[in-house]
Amino acid sequence: MSEKKTDRRDFLFTATYAVGAVGVAATIWPMIDQMNPDASVKALASTEVDVSSVNPGKTITVLWRGKPVFIRRRTQDEIAEAKSVSLKDLKHPEKDEDRAKNPEWLVMLGVCTHLGCVPLDQKGDYNGWFCPCHGSHYDISGRIRKGPAPTNMEIPKYEFVNANTIKIG
Amino acid sequence: MSDHQYTPKSKFGKWFNDRLPLLTLANHLTDYPTPKNLNYWWTFGGILTFCLITQIVTGLVLAMHYIAHADMAFDSVEHIMRDVNYGWLIRYIHANGASMFFLAVYIHIFRSLFYGSYKAPREIIWIIGIIIYLLMMAAAFMGYVLPWGQMSFWGATVITNLFSAIPLVGEGIVTWLWGGYSVDNPTLTRFFTLHYLIPFLILGLVVLHIWALHVPGNNNPVGIDIQKPSKDTVPFHPYIVIKDGFALLMFMIVFAFFVFYTPNILGHADNYIEANPLVTPAHIVPEWYLLPFYAILRSVPDKLLGVIAMLSAIFILAALPWLDTSKIRSAVFRPLYRQFYWILVADVLILGYVGAMPAEGLYLLIARVATAYYFLHFLVILPILGFKEKTLPIPLSITEPILGGSPNLAAAKNKESLDIK
Numbered sequence: 001m002s003e004k005k006t007d008r009r010d011f012l013f014t015a016t017y018a019v020g021a022v023g024v025a026a027t028i029w030p031m032i033d034q035m036n037p038d039a040s041v042k043a044l045a046s047t048e049v050d051v052s053s054v055n056p057g058k059t060i061t062v063l064w065r066g067k068p069v070f071i072r073r074r075t076q077d078e079i080a081e082a083k084s085v086s087l088k089d090l091k092h093p094e095k096d097e098d099r100a101k102n103p104e105w106l107v108m109l110g111v112c113t114h115l116g117c118v119p120l121d122q123k124g125d126y127n128g129w130f131c132p133c134h135g136s137h138y139d140i141s142g143r144i145r146k147g148p149a150p151t152n153m154e155i156p157k158y159e160f161v162n163a164n165t166i167k168i169g
Numbered sequence: 001m002s003d004h005q006y007t008p009k010s011k012f013g014k015w016f017n018d019r020l021p022l023l024t025l026a027n028h029l030t031d032y033p034t035p036k037n038l039n040y041w042w043t044f045g046g047i048l049t050f051c052l053i054t055q056i057v058t059g060l061v062l063a064m065h066y067i068a069h070a071d072m073a074f075d076s077v078e079h080i081m082r083d084v085n086y087g088w089l090i091r092y093i094h095a096n097g098a099s100m101f102f103l104a105v106y107i108h109i110f111r112s113l114f115y116g117s118y119k120a121p122r123e124i125i126w127i128i129g130i131i132i133y134l135l136m137m138a139a140a141f142m143g144y145v146l147p148w149g150q151m152s153f154w155g156a157t158v159i160t161n162l163f164s165a166i167p168l169v170g171e172g173i174v175t176w177l178w179g180g181y182s183v184d185n186p187t188l189t190r191f192f193t194l195h196y197l198i199p200f201l202i203l204g205l206v207v208l209h210i211w212a213l214h215v216p217g218n219n220n221p222v223g224i225d226i227q228k229p230s231k232d233t234v235p236f237h238p239y240i241v242i243k244d245g246f247a248l249l250m251f252m253i254v255f256a257f258f259v260f261y262t263p264n265i266l267g268h269a270d271n272y273i274e275a276n277p278l279v280t281p282a283h284i285v286p287e288w289y290l291l292p293f294y295a296i297l298r299s300v301p302d303k304l305l306g307v308i309a310m311l312s313a314i315f316i317l318a319a320l321p322w323l324d325t326s327k328i329r330s331a332v333f334r335p336l337y338r339q340f341y342w343i344l345v346a347d348v349l350i351l352g353y354v355g356a357m358p359a360e361g362l363y364l365l366i367a368r369v370a371t372a373y374y375f376l377h378f379l380v381i382l383p384i385l386g387f388k389e390k391t392l393p394i395p396l397s398i399t400e401p402i403l404g405g406s407p408n409l410a411a412a413k414n415k416e417s418l419d420i421k
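If you're matching them up, the sequences are chains A and B in order. Under our numbering, think of the first position of the first sequence as 1, with each following residue one higher. Under our numbering, think of the first position of the second sequence as 1, with each following residue one higher.
Calculated from the structure, these hints are not laboratory results. Note that the coordinates shown come from a computational prediction; the quantities given were computed from them, not determined experimentally. Heads up, some of the hints might be wrong.
[Claimed, not checked] Coverage of chain B stretches by chain A, computed from C-beta distances (three or more under 8 angstroms per stretch; other residues unrestricted):
hint	segment
1	170–179
2	182–188
3	269–281
4	298–308
[Stated by the list, open to error] Derived CB-CB ranges, DEER-like:
hint	chain 1	residue 1	chain 2	residue 2	range
5	B	Ser230	A	Asp10	48 to 58 angstroms
6	A	Thr6	B	Pro121	38 to 48 angstroms
7	B	Leu311	A	Ser84	33 to 43 angstroms
8	B	Leu311	A	Asp98	30 to 40 angstroms
9	A	Asn164	B	Leu311	44 to 54 angstroms
Yeah, the Cβ is synthetic: ideal placement off N, Cα and C, and Gly gets one too.
Using the sequences and the hints given, assemble the complete structure.
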């Protein structure tokens with residue numbers, strides 16, 4: 001066998017492999033995608049919550065998409081405290097105004113951004129939330145201040161339908 | 001490996017064996033020449049096979065009564081415990097069997113570490129073993145989720161969230177693993193499917209593990225290459241069969257103790273509370289056999305690096321045959337390695353202990369030191385030790401140290417004269 005020349009047969013091989021690869025990928029994709037959230041899970045995308053009975057300084061927890069959402073009615077002191085924090089002291093700098101459109105109401109996913117535990121209310125070094133799993137401390141705006149969590153607790157998409165009702169999702 | 005020709009005695013046997021050589025295989029397994037100095041640390045391979053079969057048989061039975069649905073799983077487990085005939089026994093064997101399986105596998109792994117069984121020409125056996133160990137951890141984790149108690153739910157949440165540490169695609173992967181936006185029914189059903197599948201994958205890998213073992217043959221406590229068959233070997237049956245059998249009986253006493261006297265001591269009380277996505281238990285801990293890795297995860301303050309450290313702690317084992325540069329296998333002839341070996345054992349036990357404790361204060365400090373030492377052992381100490389260590393003279397055969405006999409008479413004489421001085 002001397003020098004290998006590219007011939008018609010090589011082209012046919014390459015073309016066959018290419019078509020085969022596309023076919024295999026097209027067959028595998030449904031097997032992978034079937035594990036993604038299905039239509040019935042996606043259908044439960046929004047929840048309406050009546051918050052008229054929540055007093056200042058109290059938090060309620062509601063379930064949205066299988067996850068807890070904290071709705072806290074903050075006191076004036078807490079709002080002042082949240083606003084007074086310098087962005088330089090934050091691991092994940094976010095202004096309180098950007099997290100709570102209506103400063104009296106903090107609506108956020110009650111899920112620690114470290115590994116997904118539910119943090120405890122009014123605990124920790126910053127009087128906000130404390131995650132018992134691996135020791136992350138959050139402030140009264142739900143921002144990470146100390147511990148392994150990389151980011152602040154997430155703010156879901158929500159809106160006030162009227163003065164007493166919040167629609168999450 | 002003995003490659004002598006085997007001919008079945010009966011005419012039918014010969015007819016059959018010519019078409020499917022099962023009898024040749026059986027003969028190989030019976031006559032398989034085994035080093036005659038194997039000690040009881042070598043009996044854990046057989047014990048592990050027993051553990052795997054126990055888990056498969058009890059698991060099959062449990063699957064006949066268990067219902068993989070978020071609304072019914074917890075109740076179906078209680079139904080197994082209270083209503084199903086002997087259900088309590090079968091479930092306790094299965095649950096404690098997982099712990100026994102890991103107990104045996106850790107002894108098996110540390111035996112390899114002590115006697116250098118992972119070194120050439122046994123690297124493939126070792127790597128297959130590490131894959132089996134990884135699959136065992138996956139199976140154990142998913143099995144722990146199935147009762148759908150609080151620890152099941154939150155353990156599943158924490159472990160699947162490890163994947164969210166991956167940059168860019170992490171969140172997408174976690175949603176894909178869950179089949180939703182949190183651990184829920186789709187997660188439970190797929191975990192049940194995979195929990196059912198993995199033991200059979202392990203079974204296949206065990207066949208490869210033993211096949212790869214039978215190519216070079218067993219390592220032995222002296223760690224030298226031996227002639228097979230020779231006066232250094234005994235046939236597997238009856239010698240090793242009896243020894244393995246006796247060790248298995250001793251092991252089963254320990255197993256039975258847990259099953260009948262303290263069936264819940266290795267579990268967590270919170271798992272008898274049904275899963276509640278709104279409340280995280282105050283103190284989440286994995287099962288005892290995962291604690292050292294959990295301690296490593298928590299000792300790193302950064303999320304992604306913590307996950308990487310934890311996974312590296314496992315995968316580093318696969319590179320061990322190349323990290324350990326010493327040509328001498330057995331720690332018996334490596335006075336320095338022997339000391340580092342026991343420090344590593346202590347280090348892993350300490351990691352396991354602090355993994356069960358809250359990640360704060362002194363515990364966190366200890367976890368960090370122990371994590372650093374774990375990697376130091378594999379990445380620095382072992383490679384350097386192979387070059388620096390002054391090893392003891394190794395015998396030429398297994399019988400030599402006992403009888404003074406040796407295939408090489410001159411060398412043996414030489415050694416005797418040295419001994420006299």
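Each hint, compared with the structure:
{"no.": "1", "hint": "170–179", "result": "holds (count 5)"}
{"no.": "2", "hint": "182–188", "result": "holds (count 4)"}
{"no.": "3", "hint": "269–281", "result": "holds (count 5)"}
{"no.": "4", "hint": "298–308", "result": "holds (count 7)"}
{"no.": "5", "hint": "Ser230/B with Asp10/A: 48 to 58 angstroms", "result": "holds (54 angstroms)"}
{"no.": "6", "hint": "Thr6/A with Pro121/B: 38 to 48 angstroms", "result": "holds (42 angstroms)"}
{"no.": "7", "hint": "Leu311/B with Ser84/A: 33 to 43 angstroms", "result": "holds (41 angstroms)"}
{"no.": "8", "hint": "Leu311/B with Asp98/A: 30 to 40 angstroms", "result": "holds (35 angstroms)"}
{"no.": "9", "hint": "Asn164/A with Leu311/B: 44 to 54 angstroms", "result": "holds (48 angstroms)"}
Every hint, counting from the list given before, is met by this structure.
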